[in-house]
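Asker: Residue-level listing of the chains:
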Amino acid sequence: MMNTTMKIIKYELFDVLRNKWLIGYALFFLLATDTLFRFGGGGAKVVLSFMNIMLFVIPLVCLIFSLMYIYNAREFIELLLSQPIRRSTLFRGMYFGLSAPLALGYLFGVGVPFLLHDNGAHLASLIMLLLSGVLLTFVFTALAFQIAAWQVDRAKGFGAALLAWLVFAVLYDGAILIISFTFADYPLEKPMLVLTMLNPIDLARILILLKSDFAALMGYTGAVFQHFFGSELGVVLALTVLAGWAIAPFWLGARFFRKRDF
Amino acid sequence: MKKRIFKNFAIIVLLSQISIVCFAGELTVEPNGTISTIEQALTQAQPHDTIYVNKALYREGNIVIGLPVTLIGVDWPVIDGENAHEVLTVTADSVTIKGFTIRNAAISYIEENAAIKVKETLGCIIDGNRLLNNFFGVYMEQSEAATITNNEISSVAKREANSGNGIHLWYCKSITIRNNRISGHRDGIYFEFVEHSKISGNISEHNLRYGLHFMFSNHCRYTKNTFRSNGAGVAVMYTHNVEMVENIFAQNWGSASFGLLLKEITDSEIRRNLFWQNTLGVYTEGSNRLQVNDNVFAQNGWAVRVMANSMQNHFAGNQFLENSFDVATNSRQNFNTFEGNYWSAYRGYDLNRDGIGDVPFRPVRLFSLIVEKQSASLILLRSFFIDMLDLAEQMLPMLTPETLIDRKPMMKRAKWLAEVYRPEAMLGGEDQAKTFYDRNEAVAQH
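Protein chains in written order, with the working numbering: chain Y, 1 to 262; chain S, 1001 to 1446.
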């Protein structure tokens, strides 16, 4: 069975790598990072400027690209399902076949300029940047798979994906702000920590921020966050939660996919 | 009146010089010689004698210098307080102490034991000593016209409660403190009720609390000092007529750390300083009529935080580079002026090409007000939502202080900036101070 999964992954991998979208995606990161290095000055600044781009682009592209791919591959999926292949195997194969090249494209696009321009002084924040970018790729591809398995209708699927992106990227932070003002009289450092844990984009942002010098500016509040996210346990926990954010939608999607009537 | 006193003083100094030339004798302390201890030399010496102390380890308890003599260490003799005593206590005028290693002045919760304590004197000189692992380094009280130069003062303080200050001055006047290097004490330099003094070229770093701490010390001038990586940066309070020029305030990172904290400082000047990588560059509370000109604020968390009880302060020609927040305040009211600064966050245009942006710049971000009200929301730093809010507020200010505005923001960085501020060089371990002073020379030539 593992063999079948590998076969599907292999097929998908080649199919996706042939796709112009993915090449464009990698090139985009390559150009963005390189330009930032050329015009933006030092490595620490590049990490922070790039963080904004990454947090914006990865979720959006992963959602839309994956959805598009799955909806377009509908006939192919039906063909494969007529063969003696388990649905979960197919789902798993497709997921890794799609998310792996996306992650690779990102690693390539960001890693190469860093190798060329940076002297290794910002290794910690670079690693955090790469790691959280890859994890975000897996998270939002999984989310796309869940949506695709749940919504047969293309328009509804894309609508749901855009809504999800809007919530995670923008609205959630607005909600946090409102909460922080509503409960301003209470010590909010710990609840805020938990709240940010519940949004993968926020989680990635804070992980990167706290690996850079910015942590220190945050005063007492920053000290609380730094104390948590700066410790090994905090980083491990945050990364685990981020991974959980990939696993949960994947699992849900797999369930939908198993029960779906084609 | 003042002039006459000075004249008299000058004559006295001149006369004393003559007396030194005419009558001063010389004594040499040598463990195997006729004079084997410093104590013994002091009992035999006449006023204005010179005592040479040869290289050895001297353990003589507390040595009181009660007559005007010059003590010169030859090849770094060591005077050890054995963690039990104060080491040198100077009670006479015109004492010079030079070339000694003085160590282990005892930590005490009752006495302020120092490596060198100077009490009620005039014209003492403490030059080129190494003061290591002492409770207090130099402790001076009710003294005048002293100089403290070229000393290396370091300790390994761990807790504020049982550590003393590097250079501690109390009720002093006309003191010169130059080219000292102070580290590992509670406060690097501490002033209380000190007037008309000059502090220049000192490096104060890695102290537990403040690099420089002064209160009630009017008419003092601080130039070309470096205050780096101190627990809480630099704090100055309750003082007027202070000049702080060409100092470096760097890397004071921490949850309660400032580059420069100004509390009730009035009629003072803060010019051509560098504030680099501090949690908070300059914090002003109840400070009025300050001229804050031509400083560089680079890569700080908050560059300037002006509390609403600070009035009539003028910020001009400053360079604000890559700070998370350029200016923060706690009120919609603003009684300070900002004009002709360079802001790296400025996005305006300049149609008539006179170098001044046509659109005024509002340095207070909406987010900084939000953080001021609810500090936990800082966790949203650099999120899109916040950036969008900031953008909207920039276009149509509703909440940020209306009058806190730079109507003449510069389009380009000042020409001198490239020479003044070279972060890569500083990060690369090049001598920060040297980089800074070189470029200040360059600035002076402009």
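Note that these hints are calculated values from the structure, not bench results.
Hints are supplied without guarantee of correctness; some may be wrong.
[To be verified] DEER-style ranges, computed between Cβ atoms:
(1) Y:154 / S:1411: 32 to 40 angstroms
(2) S:1109 / Y:187: 47 to 55 angstroms
(3) S:1356 / Y:112: 40 to 48 angstroms
(4) Y:162 / S:1397: 45 to 53 angstroms
(5) S:1395 / Y:227: 52 to 60 angstroms
(6) S:1050 / Y:227: 30 to 38 angstroms
(7) S:1395 / Y:52: 14 to 22 angstroms
[Unchecked claim] Only pairs whose alpha carbons sit at most 27 angstroms apart, straight line, appear in this in silico DSSO-like list of lysine-lysine:
(8) S:1173 / Y:45
(9) S:1158 / S:1055
(10) Y:45 / S:1412
(11) Y:156 / Y:45
(12) Y:7 / Y:190
(13) S:1098 / S:1119
(14) S:1055 / Y:190
(15) S:1173 / S:1055
(16) S:1263 / S:1415
By construction, the Cβ of each residue, glycine as well, lies at the ideal position given by its N, Cα and C atoms.
Asker: Can you list which hints this structure breaks, lowest number first?
Answerer: 1, 2, 4, 5, 6, 8, 9, 11, 12, 14, 15, 16
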